[in-house]
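Make the full structure from the sequences, and use the hints.
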Amino acid sequence: MATIALRRLVKRFGSTVAVDDVSLDIPHGKLVCLLGPSGCGKTTTLRMIAGLEQPTSGEILFDGAPVSNVPPQRRGIGMVFQNYALFTHMTTYDNLAFGLRIRGEPRETVDGEVRRMAEVLELTAVLDHPAARLDLSTMQRVALGRTLITRPRVLLLDEPLNNIRPGLREMLRAELRRLQLDLNQTAVYVTHDQEEALSLADQVIIMARGKVEQIGSPDGVYRRPRNRFVAAFVGSPTMNFLPCEVTSRDGEPHLAGPGFVIPAGRRPDLGPRGRLIVLGIRPEGVRLGEGPVSAVVMLIQPAGADQIIELAVGDHRLRALIRPSLRLTIGQQVALDFPSDELHLFDAATGEALDG
Amino acid sequence: MRGLLPLVRWVAAVAVAAVVLMPVVWAVSISFKPPAEWAAHPPRLVPEEPTLANYQVLFQVGNPVGVVAEMTRTAEPVTRAFITSLIVAPLATAASVAIGFFAAYAVSRYQVGGPMLPFLALTTRMFPPVAFAVPLLVYYRMLGLIDTRLGLALMYTGFTVAFPLWMIKGFIDSVPRHVEEAAILDGASRWRVLFTITLPLVKGGVAAALLFVFILNWTEFLFALIFTSRHAITLPVQVSYYAGAVGRFYGPQAALGIVASLPVVIAGYVIQRHLVRGFTFGLVK
Amino acid sequence: MAEIALRDVAKRYGRIEAVRGLSFDVRSGELVCLLGPPGMGKTTTLRLIAGLERPDRGEILIDGQSVAGQEPGQRDIAMVFEDLALYPHMEGFDNIAHPLRLRRMPIEEIRRKVDHVADLLGIPHLLERLPHTFSGGEQQRVAIARAIVREPKILLLDQPLSNLDAKVREVMIGELRHLQQRTRQTTIYATHDYEEAMALGDRILVLREGTADQIGTPEEVYARPATTLAATITGSPPMNLIPCRFSGGLAMADGFTISAPGAEGEGFLGIRPEEVRLGEGIPAVVDLVQPLGRKKIVEVTVGRVRLKVTAGPEFAGQRGDTTAVAFGPSIVRIYGADGRLSATRATGPPFQRGGTMG
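Residue numbers (this note's numbering), protein chains in the order written: chain A, 1 to 356; chain B, 1001 to 1285; chain C, 2001 to 2358.
To be clear, the hints were calculated from the coordinates, so they are not data collected in a lab.
Just so you know, not all the hints are guaranteed correct.
[Said to hold, decoys possible] In silico EDC-like pairs for lysine to aspartate or glutamate, Cα to Cα no more than 16 Å straight-line:
id	chain 1	residue 1	chain 2	residue 2
1	C	Lys-2295	C	Glu-2314
2	B	Lys-1203	B	Glu-1181
3	C	Lys-2295	A	Glu-195
4	A	Lys-30	A	Asp-193
5	C	Lys-2113	C	Asp-2094
6	C	Lys-2295	C	Glu-2275
7	C	Lys-2153	C	Glu-2274
8	C	Lys-2167	A	Glu-342
9	C	Lys-2113	C	Glu-2151
10	A	Lys-30	A	Asp-182
11	C	Lys-2167	C	Glu-2138
12	C	Lys-2295	A	Glu-342
13	C	Lys-2153	C	Asp-2025
14	C	Lys-2295	A	Asp-219
15	C	Lys-2295	A	Asp-306
16	A	Lys-211	A	Glu-352
17	C	Lys-2295	C	Glu-2274
18	C	Lys-2167	A	Asp-182
19	C	Lys-2153	C	Glu-2071
20	C	Lys-2295	A	Glu-352
21	A	Lys-211	A	Asp-21
Quick caveat: nothing in here was measured; it's all calculated off a predicted structure.
Structure, rendered in structure tokens:
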């Protein structure tokens, strides 16, 4: 078992607050992603879990026990860094064996463990190769294997796929996730790439300016972002935002945007008429063809399985993701609909989502 | 704890500075003292009867005033040596750094001379300088360069050029080639790129090389001693005359030391603001 | 406005043949994307056109004239480098004005032109600042402004967005596309990112080891990649390439069979992840599910074949679950053992040996 809990964690560097009152629970066997733009405090949080940084205040609990006085090497963690930090002058075998050897494990135990790990990671064929000559995907598996062989309670990964070219990155990501699932390994993964976080994690923790903005499943944070920051940060292409005003028509609540009025759907929390809100709609939620919103096609970008079109609605631009077979021309007038179940509504002043 | 640390650092810095600066301060002090105070016991930092005589005597011909008269028998006025040094050192420095800069550019960008050239350039510094003295004497005699300022300047240029080559090459290596190519595509000529793009980006290295070579040239003694006799004597040689003279002339010696150091101090002051991280600001990657 | 033509151009560096026998044309006002993995000769091709390198053989023509004798500065070509190569010691204004100053343009005119491109790219606030204070996207805009301010005949862009993070890149792609539509500047754009290539290119040239694998519109390249490289470098996730033996009008993979009339021998069947349907057809096991918000990438194994499938966000399967997959009746692509597209065929549904299913 390995669960981690952070309780009101704060880290200050001089006068800057890197991590500001962060509390969260990481259940056993799950992969949790810390996601956020650079400088949001995600790496500092990871380093505090590892014990490489001391919290200014707050507590870190491993399996319910505080670890503030436990040095990094005795916390039972394994860490994989951005550049892998393999010992390039050693063979795959020696890299894998390293952690066990420095613990003074007997030779037979080391050998057995190394071969077992090599089997799991499909490294048996390259056990005798010098690490310097391995390709990137193999290096990543060696780096992982070297960390996993010491049976860490928790695996910590700090943007391990950052420097890898697209294409290979997706492959390695999938391999990593398969391995984590099969080993039931508790892991914390730091990334600034929302796609990486969504595709890997059981739970995504979105951070900004040292604070936790939202915690949820990949589907949860995508479908029900708690505020505008999360809504804009998660998802590609980015969610569209339009300013609107609450109004009513035939007794039903409606939203009046730039040049259109659409039904708001059943929303008890919409507030009084005249309230300013921001309407968010994902590019794939925009319906083309019929509807109360009129728009002009400004730009067409083929994107393989889809096409992305940029539309002008009044003075505002928004993007829609549509089937590649749909033929449009620049300057064409089109009608749009924003179905009410695709709407995300945010308070114009605070940016907080209205609970629908 | 935290409050104490800056204080400790400050005290340590002052202590180090005191040790380093003490001889300089003492030399300044002596240079303003009359002979009676030169070796007075107990020593005093501030002269009781400050005088400029030590400085005046350096630049005077004939019998100088008062108590330091004995010295004039052994030393020429320093004016001529001072002027020689003021001509030879800057001239040789400018030539050395200019040649070094172009050589560094050629080596860095075009691998001129192959990978061994920068190393070979350094070999001139690997022999004891005396090893070159005899052959050079022969050449210089044939060329009529003995005891000339031009001869000295040429020699200094040749002996120091390896330093700017190495120092500036490192800086040029770190200027991305793309920055120069972008300027070429903008329509700039090679020369223009060199002077408006590359040079400003490596000026920190050029400044460092200038100062370093200037100090070398200004303080060079051995060749100046061997290759000059009357007309082109430099300041370090002149200083040695004083040191070797009979009797103790601490006052004029100290004054000469101060006078000889001033140009270096001034050069250092002028150049130092260019020394600190010249250039890599703002480059991507 | 200018046309570019390359005729059998080759360039080698020592033992490495960076470009070998490359020929293609760029029409006036067109944006052509050079698409290929790193090390395939994209940058070398741009440098050859710019004149920063000399070809070992072949000819480069601009507006029908060979440029062999012309220095880079005479070709009227602007280039944006991968590292952007801003002049670090010059403020934004001087960076952009640099090419104009070299042309001895009067200062009022320089001011006017610089202000104009600065407005176009939304960077007037950067004109009096040094490059090291710019963000990645801002450096990008200044580099592009410097390239287009003198209205060059040809604009070359070498992976200009590769150092930007995903969100900024998304914005910059849109802006570049707008800019291109407004200026109709003849442009060659090198990238290893298919999204950039598809979004920006009027045509895409897929480069492999210094030769052209394919040149065509984004739609053509996506629908009918001419080689397995073109197939796997486009799409996210990329096309499934299933090793097959073709015989008797059938394609036999290690797990299922499908009709593929006309092909013989060893090769690959190419199927895009969005062309595979889940929940019907032949049995498969879910290997991995990767949610991406608006869709899910599901990896399944059918027999010993592993397939990537794009599913809707509602797909609820997990690793280890059994499901079913079907594709067709639609076009499948057949690649020979040499990796070249040999045919596209309409096909029936896949079935497993011993009986037809789905």
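Here is what the structure says about each hint:
{"no.": "1", "hint": "C/Lys-2295 - C/Glu-2314", "result": "holds, 8 Å"}
{"no.": "2", "hint": "B/Lys-1203 - B/Glu-1181", "result": "violated, 19 Å"}
{"no.": "3", "hint": "C/Lys-2295 - A/Glu-195", "result": "holds, 11 Å"}
{"no.": "4", "hint": "A/Lys-30 - A/Asp-193", "result": "violated, 19 Å"}
{"no.": "5", "hint": "C/Lys-2113 - C/Asp-2094", "result": "holds, 12 Å"}
{"no.": "6", "hint": "C/Lys-2295 - C/Glu-2275", "result": "holds, 14 Å"}
{"no.": "7", "hint": "C/Lys-2153 - C/Glu-2274", "result": "violated, 40 Å"}
{"no.": "8", "hint": "C/Lys-2167 - A/Glu-342", "result": "violated, 22 Å"}
{"no.": "9", "hint": "C/Lys-2113 - C/Glu-2151", "result": "holds, 10 Å"}
{"no.": "10", "hint": "A/Lys-30 - A/Asp-182", "result": "holds, 11 Å"}
{"no.": "11", "hint": "C/Lys-2167 - C/Glu-2138", "result": "holds, 14 Å"}
{"no.": "12", "hint": "C/Lys-2295 - A/Glu-342", "result": "holds, 15 Å"}
{"no.": "13", "hint": "C/Lys-2153 - C/Asp-2025", "result": "holds, 15 Å"}
{"no.": "14", "hint": "C/Lys-2295 - A/Asp-219", "result": "holds, 10 Å"}
{"no.": "15", "hint": "C/Lys-2295 - A/Asp-306", "result": "holds, 12 Å"}
{"no.": "16", "hint": "A/Lys-211 - A/Glu-352", "result": "holds, 15 Å"}
{"no.": "17", "hint": "C/Lys-2295 - C/Glu-2274", "result": "holds, 10 Å"}
{"no.": "18", "hint": "C/Lys-2167 - A/Asp-182", "result": "violated, 33 Å"}
{"no.": "19", "hint": "C/Lys-2153 - C/Glu-2071", "result": "holds, 15 Å"}
{"no.": "20", "hint": "C/Lys-2295 - A/Glu-352", "result": "violated, 25 Å"}
{"no.": "21", "hint": "A/Lys-211 - A/Asp-21", "result": "holds, 7 Å"}
When held up to the earlier numbered hints, the structure conflicts with 2, 4, 7, 8, 18 and 20 and fits the remainder.
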